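Knowing the structure of chain A, use the given hints to seat chain B on it.
Protein chains: 2
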Amino acid sequence: MAKDFTVTPWEVSGEIDYDKLITEFGVKPLDDKVLKRIEKHTGELHYFLKRKIFFAHTYFDTILDEVEKKHKFYLYTGRAPSGPVHLGHLVPWIFCKWLQDKFGVNLLFQIPDEEKFLFNDNLTLEDTKKWAHENILDIIAVGFDPKKTKIFLDTEYANVMYKHACRVAKKITYSTAKSTFGFTDSNNIGEIFYTSMQTVPAFLPSILEGKPTHCLIPCAIDQQPHFFLTNDVAPKLNYPKVATVLCRFLPGLQGMHKEGKMSSSVESTTIFVSDKPDVVNKKIMKYAFSGGKETVEQHRKEGGNPDVDVSYQYLTYFLEDSKKLKQIYDDYKSGKMLTGELKKFTADTINKYLKEHQARREKAKSQVEKFMMRG
Amino acid sequence: MAKDFTVTPWEVSGEIDYDKLITEFGVKPLDDKVLKRIEKHTGELHYFLKRKIFFAHTYFDTILDEVEKKHKFYLYTGRAPSGPVHLGHLVPWIFCKWLQDKFGVNLLFQIPDEEKFLFNDNLTLEDTKKWAHENILDIIAVGFDPKKTKIFLDTEYANVMYKHACRVAKKITYSTAKSTFGFTDSNNIGEIFYTSMQTVPAFLPSILEGKPTHCLIPCAIDQQPHFFLTNDVAPKLNYPKVATVLCRFLPGLQGMHKEGKMSSSVESTTIFVSDKPDVVNKKIMKYAFSGGKETVEQHRKEGGNPDVDVSYQYLTYFLEDSKKLKQIYDDYKSGKMLTGELKKFTADTINKYLKEHQARREKAKSQVEKFMMRG
Chain A
1184 MAKDFTVTPW EVSGEIDYDK LITEFGVKPL DDKVLKRIEK HTGELHYFLK RKIFFAHTYF
1244 DTILDEVEKK HKFYLYTGRA PSGPVHLGHL VPWIFCKWLQ DKFGVNLLFQ IPDEEKFLFN
1304 DNLTLEDTKK WAHENILDII AVGFDPKKTK IFLDTEYANV MYKHACRVAK KITYSTAKST
1364 FGFTDSNNIG EIFYTSMQTV PAFLPSILEG KPTHCLIPCA IDQQPHFFLT NDVAPKLNYP
1424 KVATVLCRFL PGLQGMHKEG KMSSSVESTT IFVSDKPDVV NKKIMKYAFS GGKETVEQHR
1484 KEGGNPDVDV SYQYLTYFLE DSKKLKQIYD DYKSGKMLTG ELKKFTADTI NKYLKEHQAR
1544 REKAKSQVEK FMMRG
Chain B
1184 MAKDFTVTPW EVSGEIDYDK LITEFGVKPL DDKVLKRIEK HTGELHYFLK RKIFFAHTYF
1244 DTILDEVEKK HKFYLYTGRA PSGPVHLGHL VPWIFCKWLQ DKFGVNLLFQ IPDEEKFLFN
1304 DNLTLEDTKK WAHENILDII AVGFDPKKTK IFLDTEYANV MYKHACRVAK KITYSTAKST
1364 FGFTDSNNIG EIFYTSMQTV PAFLPSILEG KPTHCLIPCA IDQQPHFFLT NDVAPKLNYP
1424 KVATVLCRFL PGLQGMHKEG KMSSSVESTT IFVSDKPDVV NKKIMKYAFS GGKETVEQHR
1484 KEGGNPDVDV SYQYLTYFLE DSKKLKQIYD DYKSGKMLTG ELKKFTADTI NKYLKEHQAR
1544 REKAKSQVEK FMMRG
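Going line by line, the protein sequences match chains A and B.
Residue numbers for the first sequence follow the numbering used here, beginning at 1184 and rising by one.
Residue numbers for the second sequence follow the numbering used here, beginning at 1184 and rising by one.
One chain only, chain A, in its complex shape (with noise of 0.2 Å):
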């Protein structure tokens, strides 16, 4: 059968099959048997959990065992700086804080800005930095512990980053790079050369603390194939193998079906997170797909479709209460909750959110220098 979905570290499009893609990249489900584990160390799920938001995994048993061992692991996440951030960037980052507050644990938080530098065209390196540098505060309104966060650029952090990064790299062919992301002769060199930089970050909990040192990666699924490469690697460098915890992307306002994942080049498509109210409102009152009937007859008779309603999706990243989200669910499918009522309560929602996200983000700008790391 055709594959009617791509998803790669530079495209996600077409409307994705999560279990096909399970298969595809090898990973592991987050079964009942991992999750309850988690939920014994945690005291509780986050809704992402439960929810399967956070649905697939890579070693996450092997972090476990080390918690069980009382051994200390580290979190490493990351942001490619090519623009302002939208409401899907937050979803793995939201995650992160969580882990770091149940394991109380360090994060290192990669901004590669040499990456969407080499894949884009139209970006300059001054460019990149400069969205680097508006995104930080993003990163750090999520409420990190500075005490246990680091960020760094991978230009700025090149001094530590590119060593390693040599290490990393002999141990890569291009034959496997170009199996793993499909590169041809018309790539350039930087492009074929950074997945080493990707790597660095699973293998820096080892080398700062100076002992195998475990690292779980919270991220989205499309970047799960840096991290096979890095478990090539790891063995052939001492390192331990790194864990993965892997989300779904959260759909633009058109829908999944319609164009794939929530993206920052397509503005109709998005909700930033620097979006006002007024903003967001109208952003979901015209373009969010709708799974609701064509007349408010036919939908009091009839009911809509909550599975494929963008809003209904929006408010299962971000309507914690999962009591209220079923009766939602319940609602809108049974024709009791309209389409305009559902758009205005995802409206609200988001708008909640963001207006906190909005106020930690000012505070932000005088703590930046606590979180960064440079080389």
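Everything labelled a hint here was simulated from the structure, so no lab data went into it.
Don't take each hint at face value.
[Claimed, not checked] Partial list, derived from the structure: chain A residues whose beta carbon lies under 10 Å from chain B:
#1 1297
#2 1343
#3 1361
#4 1374
#5 1376
[As the list claims (entries may be wrong)] So the derived label-pair ranges between C-beta atoms look like this:
#6 B:1304 to A:1248: 32 to 42 Å
#7 B:1303 to A:1206: 37 to 47 Å
#8 B:1391 to A:1209: 45 to 55 Å
#9 B:1313 to A:1309: 19 to 29 Å
#10 B:1556 to A:1219: 52 to 62 Å
#11 B:1206 to A:1552: 52 to 62 Å
#12 A:1421 to B:1303: 47 to 57 Å
#13 B:1303 to A:1193: 26 to 36 Å
Computed from a predicted model, the values in this text were never measured in an experiment.
Just so it is clear, CB atoms sit at the ideal spot from N, CA and C, and this is done for glycine as well.
Leaving out everything else, chain B in the frame of chain A:
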């Protein structure tokens, strides 16, 4: 006709036809016209130029144009640290010092410690760093002006180097790198990226000065393929094209026809700059390929062949006195000078040079920090 020699940045072998290499590499001979122009500015020509040890160039005339416009230019050369320094390594450095003295210009001295690591299975980054620090003493011992010379390791200056290497890498496709260096799918992705790092110092003069500033690279001709890529990229990044001035390879003790250039990895072929007089004597007496005849009687009668005699070849590199050199050439050719006498004279000449070098190397130990540039 099949080629019976190989010259790439990572392999030099066979009996090199330098005229053929000029055509193959698309460089220009250092002809009388450009030599006269150089002499106009330097007052005299270095004997490396008179003797065609430096025999080819690209864009040297552009550098002379700059000199005539009273514009600054920079020198850039390098040393990939994989072992101890031998006599052959000194040749471009000695010439670099002469150019620095004559033109009063800045020199950037790159130590690509990652290069040898990436291209050599048996070297760790710790090995190449150790050799870097050893080799730097020999570099300083050549006598560069500490006020006008900056030495840097790629891994230690990576905060500056890496971001500019990415700017270069974005302009080089894998296809171009492959055809320039003969890469295959089994090369590692660090090897493929590396040429970007070798290009950066050619652009650093413009970056450091904040305006277009020309750069002249004295080096052995095997490095030229890197600088072709550099000049492919230069106009795309608005930097001036770089100039190169290219030397032949000092033959190994057994002669170029036998083993190509002097190489640190084959001890019987090599005079290290740390060799003591008795070691130099022994190596030349025992290993230096001779152009003499089998018996003294035959040699007296038929004369020797200085053109293939390695001891004589070494004198062309290390005996500045051209009159004396001519006399030795004639005396050896006529049979008046015996092989043993020539070998002794060569060993004495080299030992005199090395004694002074070794004394300067001792003094260099306290001067390292004056020369180093870090990121």
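Hints versus structure:
The criterion of a C-beta within 10 Å of any C-beta in chain B is met by residue 1297 of chain A, whose closest approach is roughly 4 Å, and the hint holds. Interface hint status for residue 1343 of chain A: upheld, as the beta-carbon distance to the closest one in chain B is roughly 8 Å, under 10 Å. Checking residue 1361 of chain A against chain B by beta carbon gives a least distance of about 7 Å; that is within 10 Å, so the hint holds. The closest approach between the C-beta of residue 1374 of chain A and any C-beta of chain B is roughly 8 Å, which is under the 10 Å cut-off, so the hint is satisfied.
Restraint check, residue 1376 of chain A versus chain B: the minimum CB separation of about 4 Å is within 10 Å; hint holds. With their beta carbons about 34 Å apart, residue 1304 of chain B and residue 1248 of chain A fall inside the hinted range of 32 to 42 Å. Take residue 1303 of chain B and residue 1206 of chain A: their Cβ atoms lie about 40 Å apart, and the range 37 to 47 Å holds. For residue 1391 of chain B paired with residue 1209 of chain A, a C-beta distance near 48 Å keeps the hint of 45 to 55 Å intact.
A beta carbon spacing of about 37 Å between residue 1313 of chain B and residue 1309 of chain A contradicts the range 19 to 29 Å that was offered as a hint. Taken as a hint, the range 52 to 62 Å holds for the pair residue 1556 of chain B and residue 1219 of chain A, whose Cβ atoms sit roughly 56 Å apart. Evaluation of the 52 to 62 Å hint for residue 1206 of chain B and residue 1552 of chain A yields a pass: the beta carbon distance comes to about 58 Å. Between residue 1421 of chain A and residue 1303 of chain B the beta carbons are some 20 Å apart, a value that contradicts the proposed interval 47 to 57 Å.
Take residue 1303 of chain B and residue 1193 of chain A: their Cβ atoms lie about 32 Å apart, and the range 26 to 36 Å holds.
Taken one by one, the earlier hints fail for this structure at numbers 9 and 12, listed in ascending order.
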